[in-house]
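Enquirer: Residues per chain are reported as follows:
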Amino acid sequence: MPLYEGIGLTEKQAVVIDIGAAYTKFGFAGESGPRCIVRTEVKCPETKQVKKVLNYSSKEDLYDLLVEFIHTLYFRHLLVSPKDRRVVVVESLLCPTLFRETLAKVFFRHFEVSSILFVPSHLVSLCTLGVSTALILDVGYVEAVLIPVFEGVPVLHAWQAQPRAAQAVESSLKALLLNENSEKEDFPDSTIEDIKVRTCFVTSFNRATQLEAVQPPPDVVYREGGTDTFCIPGKVREAVHEVLFEQDNDQTSISTMILDAIIKCPIDMRKALAENILVIGGTAMVPGFKARLRDELKHLVQQPKYASRLALKTFKFHKPPAKENYVAWLGGAIFGGTDVISTRSLTKEAYVKHNKVPDWADLSYNCWEEKMSL
Amino acid sequence: MSFLLQPEIVRYQCTCGSLKPISRIYFCRHCLKIRCGYCVCHEVSSIRCINQTIFLFGSYLALKLMCGDFVQADSHYCGNCLENLPSAEARLKKNRCAACLDCPSCLNTVSTRSTNVAAQNPDDPSKTVTRKAYYLACGFCRWTSRDAGLPDQTVATGGWPERENVHAARLSSLLEHYKILALRERQEKERKKFIPRRSYLHFSDKFGLTAVMARKRAGLPPLGGVGLKDDAGTIPELNPSEAVEEVDSLPADIYTEPVSLSQVTTLAQRLAQPEFQTELVSDLFPAHKHLMIKRSQRCRSCEHNVSKPEFNPGSIKFKIQLAAYYHVPEIRIVTCEPLQVDKQGELIIKLCNPTQHQTTVHFLPLSSADDDLEETEKETENKIKMEEKDAQKTSQGRDDVSILLPSLSRQMYISEDPRPVNVKLTGEVILPSLPVVLPPRDDAAEYDDSGDTYHFQDDPKVVVWRKANKAAVKMVVIPLHSAVEAGEVLVGFVMKYTYVNTMATLEQKEPQKVDLKVKVYINVGKTVGSCN
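Residue numbers (my numbering), protein chains in the order written: chain A, 1 to 374; chain B, 1001 to 1532.
For the record, the hints were derived by calculation from the structure and aren't laboratory data. Wrong hints could be hidden among the right ones.
Stated by the list, open to error - Computed list of lysine to aspartate or glutamate pairs in DMTMM-like fashion (alpha-carbon distance at most 20 Å, straight line): (1) A/K12 / B/D1448; (2) A/K271 / B/E1246; (3) B/K1179 / A/E11; (4) B/K1020 / A/E60; (5) A/K313 / B/E1242; (6) A/K313 / B/E1257; (7) A/K235 / B/E1246; (8) A/K43 / B/E1246; (9) B/K1179 / A/E151.
Unchecked claim - Take a look, some chain B residues computed to stay more than 12 Å from chain A by CB distance: (10) R1029; (11) A1098; (12) R1131; (13) A1156; (14) S1367; (15) R1441; (16) G1492; (17) V1528.
Just so it is clear, CB atoms sit at the ideal spot from N, CA and C, and this is done for glycine as well.
In isolation and in its complexed conformation, chain A is listed as follows (with noise of 0.2 Å):
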């Protein structure tokens, strides 16, 4: 433990952010788990209004809403100052480059970090596994993002995304409750969340296949504001999560995203890969998600438009050390809490003077003959 740390001779401690729709978490490199996870959103100055962070309008505005986000960060739940300490910031392989260069801006600029180390989710998730072979199944806030990575390499181009994740289970929840309740107009965000969190679960494949005929679970009684009271049914609770398995017109949904991507590895790969499976994100922690993703897999290799294809027989899936809403953030601390983050890092003298920030999707990065005369 550096307990000499800031005086000179050791390196400070650097920061890990993993900044997601929803939730961000912070914390240090190193560390078992993060200081805090909290919202991605701020309160303007100004208009005194709580904003989401990934709600911007312009790049100017989703400027301003990082310097005041990551401002409380450091000084309300890290508790040190940001000058000249590092960050590892583990982001999606598929963040829009506004939002990673308006980052690399914000830290480099207004908080004058020395080094940035940009880290893809899905990749520094296997470190907290000790595997380098998985496939990654991230169901997050807005959408739910696979990449298989095999002996260490993302497999890019059997990438899979599905707008099914914390999003449209909350919306959906709504449509139903409102149905339900018809004297509502509307209920709050939060009410929504606090609703699906602690009464809602993933129902078993056998009785989702029946939802119609099944006993329903009992009602809850939810209390909102004190006095006002209503109902939310049974068949809401149960049915709510169908929305992330249920097949739409293109018949995809969670569970066929991860065979698709199988199917578009090369034959070598897949039984390792579908025998590592590893799911993350914070909809992965519902209750039955897994199970459920489990039988809604082993019935799809079964049906005619996968078992032609796929001779696989049984799925395995990792469990991460840790809560399944942090594990990209934990691996992207056990990554950066070695020496890769000085070898690694795009510095800030880098920074300034290609005011660039590197990228896989960018040819002048990304290509053999540069990399061979840098």
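Position chain B against the provided structure of chain A, taking the given hints into account.
Expert: Same frame as chain A, now just chain B:
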């Protein structure tokens, strides 16, 4: 107080481009610029006592290396017991107070309660003795440590069991494993960079001789004996995670058991302790109270403190507080005639000189936007050039790897671009052409009711009233048509004032008189009457 509660009527433009009322801006006395919370460098304030002998060492490195003599005390403190902790200790305790605990249910501070419990007398089992037992109780939500099944304590403070992350051992072995892997990678990278290829021996494999044989023939020690290969240590055995087919399935009674909402934790309660995230209220565990810090603010360009609180957490005073309120003339609206579009209305503002020196205030129109733009462009250009130079100096062509610790190498300074002011003026203002002289502040004058004799040759058309260091100044506002849409008349001008810089520097010991400019935006109010 009125500053804190009032809407922002008179706003000053900070050097960074944001508009703030005078109570929320700083004035750096060293670079004579206005700064605000956005463009200063916030830091966790610390007190450093430096051993005098360090300065005998000339070089920067030596100074840095002697830093063991820094006595550093960051102002981490607990908001409940107001005890402050040195930063090293706060870091070890994960920024948590050792004594105070938070209620896991409503996140307020819990208090210790004592009760008498009857216990068997160890000497004589037939008798009972009463002794004190302590438990935790929350005064807000009535949660007690007995709810969590924690045994009562015999001492009033401390002694509560701590919860450990169940995966702690696994995580530390993972970290250890990856650390060594990363070290290997780094060493290999450095070896490639610095060690030239060794003689011709690497060709030997081409001709069917292994390198080992070739070395043997040449009478050289076997490869790898120089300690290059194994100094990273062997990679410790790590059991990779085993994937299993079985996953946690739903409890069978979920379809039949009614849910009691009071037994299930909310998301806020779960996320308050990220590593545990308990789902049942009965499993909630008290958490140590999170510490707070005192922040000091530093000017980014000259690195002087503009605000520095006193170290003691109980004190609300400042050691350094360079608020603009003490240095820049303050403007308040006294009266304003009803505003009609395209009609002249009289606006009277009150100026107040907070400094100990006489000041002269000029009013100038806002320099046209083009001038501004040019100025900022020039500044930005200069800055970019400086940065590039800096970058080359610090990195010396090496931009991928920084071998030195960042704290040892000189940090380059890169700055933020100034933000454009995005307000639209909805009124024109006819400014007084004559300057107004404001006498220095004199606290005694407040109580002096005897005749105010001033020897200022004031034009009564400009200065309507005067007392001590304050003066009321008349100007004319003409609202534009756009004011109807915007709902308010916003006017702006440049205030130029003389400032006496008393900061002694190496070059100049005497106080210096300088002219400073600040842009002021006044929200005069709504228009009245119809616009047609």
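Enquirer: For every hint, state whether the structure bears it out.
Expert: Okay, the hints, checked on the actual structure:
1. Between A/K12 and B/D1448 the alpha-carbon distance is near 58 Å, which puts this suggested pair outside the 20 Å criterion.
2. Straight-line distance between C-alpha atoms of A/K271 and B/E1246 comes to about 17 Å, which keeps the hinted pair within the 20 Å bound.
3. In summary, the hint linking B/K1179 to A/E11 is supported, as the alpha carbons are separated by about 15 Å, within the 20 Å threshold.
4. Note on B/K1020 and A/E60: the hinted pairing holds, with a Cα-Cα distance of about 19 Å set against a maximum of 20 Å.
5. In summary, the hint linking A/K313 to B/E1242 is supported, as the alpha carbons are separated by about 18 Å, within the 20 Å threshold.
6. For the given pair, A/K313 sits about 35 Å from B/E1257 by alpha-carbon distance, which is inconsistent with the 20 Å threshold.
7. Proximity of A/K235 to B/E1246 is assessed by CA-CA distance (about 27 Å); at most 20 Å being required, the pair is judged violated.
8. Taking the CA atoms of A/K43 and B/E1246, the gap is near 44 Å; set against the 20 Å cutoff, the hint is violated.
9. Simply put, B/K1179 and A/E151 have alpha-carbon atoms about 19 Å apart, close enough for the 20 Å limit, and the pair holds.
10. For B/R1029, the condition that its CB be more than 12 Å from all CB atoms of chain A holds, with the nearest at approximately 22 Å.
11. The claim that B/A1098 is not at the interface with chain A holds, since no C-beta of that chain comes within 12 Å of its own (minimum 16 Å).
12. Distance check for B/R1131 against chain A: the nearest CB is about 38 Å away, which clears 12 Å, and the non-interface claim stands.
13. Every Cβ of chain A is farther than 12 Å from the Cβ of B/A1156; the closest lies at roughly 28 Å, confirming the non-interface assignment.
14. With a closest Cβ-Cβ approach of about 23 Å to chain A, B/S1367 is found to remain outside the 12 Å limit, as its non-interface label requires.
15. Look at B/R1441: its CB is around 31 Å from the nearest CB on chain A, clear of 12 Å, so calling it non-interface holds up.
16. The claim that B/G1492 lies off the interface holds: its Cβ sits roughly 18 Å from the closest Cβ of chain A, which is beyond the 12 Å cut-off.
17. With a closest Cβ-Cβ approach of about 26 Å to chain A, B/V1528 is found to remain outside the 12 Å limit, as its non-interface label requires.
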